[in-house]
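> Please work from the sequences and hints to get the whole structure.
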Amino acid sequence: MSLIAEFPPNFVHADRIDDHDPPPAWLVALVKRARGLLLPVLLAGLWHWASTIDASTAYAFVPLDQIGDRLLLLLSSGELAVNAGSSLGRALTGLALGGLSGIVLGSLMAGFPMVERLFGPLLQAFRQVPLLGWLPLVGLWLGSGEGAKQLLVAVAAFHPLLLNSYEGFAQAEKKHLEVGRVLMLSRWRTFRFILLPTALPSILTGIGQALAFAWISTIGVELLFGTGAGLGSLMHTAQMAGDMGVVVLCVVAIGLMGYGLNLILSLVRARLLRWRVTG
Amino acid sequence: MPSILHRRLLPLVVPGLILAAWIGATSGEGAPLQVLVPPSAVIDGFNELLSSGELADHLRASLWRLLTGFAIGASLGLGFGILLARSALVAAYTGPFFQAVRQVPSIAFLPMLILLLGVDEGFKLAIVAKAAFFPVALATHDGVKGISKGWLEVAAIYRLSPVRVLLRLILPATVPPVLTGLRLGLTRAWIVLVAAELMAAENGIGQMMEMGRQMFRIDTVMVGVALTGLIGFALDQGFRLAERRLVRWKTA
Amino acid sequence: MNAIIDPRSVQADSAPHTGGLAIRHVDKSFDIDGRKLSVLEDVSLTIAPGQFVSIVGASGCGKSTLLRLIAGLERQNRGDILLDGVPVAGPGLDRGLIFQDHRLFPWLTVEQNVLLALSNSDEAAADKRVRVASLLTLVGLDGFAQAFPHQLSGGMAQRAAIARALAPEPQVLLLDEPLGALDALTRLRLQSELQRIWLTRRSTMIMVTHDVDEALFLGDVIVVMQPGRIARILHVPAPHPRDRADPSLAPLKAEILSLLHAG
Numbered sequence: 218m219s220l221i222a223e224f225p226p227n228f229v230h231a232d233r234i235d236d237h238d239p240p241p242a243w244l245v246a247l248v249k250r251a252r253g254l255l256l257p258v259l260l261a262g263l264w265h266w267a268s269t270i271d272a273s274t275a276y277a278f279v280p281l282d283q284i285g286d287r288l289l290l291l292l293s294s295g296e297l298a299v300n301a302g303s304s305l306g307r308a309l310t311g312l313a314l315g316g317l318s319g320i321v322l323g324s325l326m327a328g329f330p331m332v333e334r335l336f337g338p339l340l341q342a343f344r345q346v347p348l349l350g351w352l353p354l355v356g357l358w359l360g361s362g363e364g365a366k367q368l369l370v371a372v373a374a375f376h377p378l379l380l381n382s383y384e385g386f387a388q389a390e391k392k393h394l395e396v397g398r399v400l401m402l403s404r405w406r407t408f409r410f411i412l413l414p415t416a417l418p419s420i421l422t423g424i425g426q427a428l429a430f431a432w433i434s435t436i437g438v439e440l441l442f443g444t445g446a447g448l449g450s451l452m453h454t455a456q457m458a459g460d461m462g463v464v465v466l467c468v469v470a471i472g473l474m475g476y477g478l479n480l481i482l483s484l485v486r487a488r489l490l491r492w493r494v495t496g
Numbered sequence: 254m255p256s257i258l259h260r261r262l263l264p265l266v267v268p269g270l271i272l273a274a275w276i277g278a279t280s281g282e283g284a285p286l287q288v289l290v291p292p293s294a295v296i297d298g299f300n301e302l303l304s305s306g307e308l309a310d311h312l313r314a315s316l317w318r319l320l321t322g323f324a325i326g327a328s329l330g331l332g333f334g335i336l337l338a339r340s341a342l343v344a345a346y347t348g349p350f351f352q353a354v355r356q357v358p359s360i361a362f363l364p365m366l367i368l369l370l371g372v373d374e375g376f377k378l379a380i381v382a383k384a385a386f387f388p389v390a391l392a393t394h395d396g397v398k399g400i401s402k403g404w405l406e407v408a409a410i411y412r413l414s415p416v417r418v419l420l421r422l423i424l425p426a427t428v429p430p431v432l433t434g435l436r437l438g439l440t441r442a443w444i445v446l447v448a449a450e451l452m453a454a455e456n457g458i459g460q461m462m463e464m465g466r467q468m469f470r471i472d473t474v475m476v477g478v479a480l481t482g483l484i485g486f487a488l489d490q491g492f493r494l495a496e497r498r499l500v501r502w503k504t505a
Numbered sequence: 418m419n420a421i422i423d424p425r426s427v428q429a430d431s432a433p434h435t436g437g438l439a440i441r442h443v444d445k446s447f448d449i450d451g452r453k454l455s456v457l458e459d460v461s462l463t464i465a466p467g468q469f470v471s472i473v474g475a476s477g478c479g480k481s482t483l484l485r486l487i488a489g490l491e492r493q494n495r496g497d498i499l500l501d502g503v504p505v506a507g508p509g510l511d512r513g514l515i516f517q518d519h520r521l522f523p524w525l526t527v528e529q530n531v532l533l534a535l536s537n538s539d540e541a542a543a544d545k546r547v548r549v550a551s552l553l554t555l556v557g558l559d560g561f562a563q564a565f566p567h568q569l570s571g572g573m574a575q576r577a578a579i580a581r582a583l584a585p586e587p588q589v590l591l592l593d594e595p596l597g598a599l600d601a602l603t604r605l606r607l608q609s610e611l612q613r614i615w616l617t618r619r620s621t622m623i624m625v626t627h628d629v630d631e632a633l634f635l636g637d638v639i640v641v642m643q644p645g646r647i648a649r650i651l652h653v654p655a656p657h658p659r660d661r662a663d664p665s666l667a668p669l670k671a672e673i674l675s676l677l678h679a680g
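Protein chains in written order, with the working numbering: chain A, 218 to 496; chain B, 254 to 505; chain C, 418 to 680.
Keep in mind that the hints were calculated from the coordinates and are not lab data. It should be emphasised that the depicted structure is a prediction, and the values quoted were computed from it without experimental measurement.
Cut-off 25 Å, straight-line C-alpha distance, at most; resulting in silico cross-link-like pairs (SDA-like, lysine to any residue): (1) A:K249 x B:L342; (2) C:K670 x C:Q517; (3) A:K391 x C:R520.
And the structure:
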């Protein structure tokens, strides 16, 4: 620094030894990022190559341009939007119904040991059955319509929130509750300013898990029932018709939407938990 | 002590009420048999499935798929997790794709795998392996990454041999998260396998339930629901037991 | 043991009329694994309005328990605690309590933490905020109203806790080793601050500490405790604001230390 300052700027410039500048930082970053694209591009290439071998492989590995055509078709007909919207609505409704009941029951269980003893062991037992294991039974009872699907998605969202809100409310610290007593806080304020904030991180974790479970089971029930609208049903129909292009597009859409939901939630979470020590 | 009795009996109240309602609804001119059968009929159905050997066949098929697929997926996950954590090159080239594929629920891959591999054993093993691969790889990666620099420095100060470092430091530090990953992978694999068998299979617990549904055999379906729960529970608990035995030094 | 504290050291012109405490024959014991553990036995103490009382004693002598009884967080097994003649039955806004750990709620900003202490007041929200701002000025936290507790140093967090305890304008402020968790320099600074706040407010303050210098610097009266009982009550004649090097403090310190060693 000090050395350069002693020379006039133009002199410093003329004195520079190597002519080619190092590549700018953004280019380095771009190239570094692009390395991650190599593998998917390579796989796509292999896929495309497999589609050209003969007719039997072309059935499974549809040519990439055909997938592109399908995408345009699904987009222009609005089919993708309708089915994606239907799945999203189902997942969010399930999250709201199942999640809210989970939070209510979880906080009741944390607050009243009696409720915990009445329902705890039974719910624990029910939780052991993989969600889609209920599907045949629910199918027998409720058919394969909207009610059955919504019930299963709600149950998927119910358990994580039950567990996490129970744990969250149960961990309220005695020392914080004591401050509440000294300040003569009302029951409502104790809940609002001590119990709820204590439980909030757990509840948000629970919402994250519940959202993931709701999304997975939405796709699962649509796929297995194969009725009505939804990305899972669309995929089911495409599989029956041997239309790999649509199946691939559905997989990508499901992944992207799951990722997007997760992203939105983590933003909300960061906003609500600003008070926590970070990094 | 009345309070202990209280504590013991309370959990039985709600299940007892449900059972009573169930018996009440199915006695006399209750619900049609396609909708609800009495508990005794479920037990009879279970005995029938057991004595005919049908249940054993389904169980064997499901568990074979689960364990084979899990073994493949978990060992691949273990290896890939270590590579991802240790090699910057592997992380740069495969990390983003790994993270992207991880976003897609395993179930969503079922139709694709059916189209690629057909409805035989192949796609079931593949989906089970896929379900096990990701949690195991992720946990292994985190475990290896989580080895603190401080510990490695301690090892260097005491000039521990590489074997010692592996046995006394790297393995104990990575085993707990890897075990958790394995457990998660196994339970997820089981869930996905049941779904896969519901979709397309000649045998297995899932197929047994699906057939029961199509033939309105509610007793078979209920036996299947209870069994899937029991198996999932047993797998999870077995693994937790192993975790506790292997990682006794952990407080939590 | 009976002890009446003479309110001589409080200047007559500024002496408040409320905030006087009478503790009469108080016993307190805890049940630990079914066994009775006696913590306080027949403790009596009278504190005049506006006094600063320091309670010193070794760990486990029951000094914190005495404070928690006054705060109403615990209930004595026998005896009475009267605040201005009225028996204490549970916590109340007439008594503020400052803990050793600041116990601010981490999810609320400094301002929200102090505001919460005003939640029982009918004042308009804007008036409350003005009061909180002046309290934060009093404890030297100007400009930190919107900070979360984790962004504060230990000393600053304890200042916020003091502001919160002062907000409902308690007649008695109870301080349970308020500076015990702070480093030596911060401690000295906050001792002077406490003295300044006490001189401004003139409410009764009762501070538990095991730092004899701190007790002498702040207290009009020093209550020396030995396990379960009051060993002696000493009056500190030095005027406020106090000079740490005041020569009258040295013999008192020697006396307290010998009592603590004997106990």
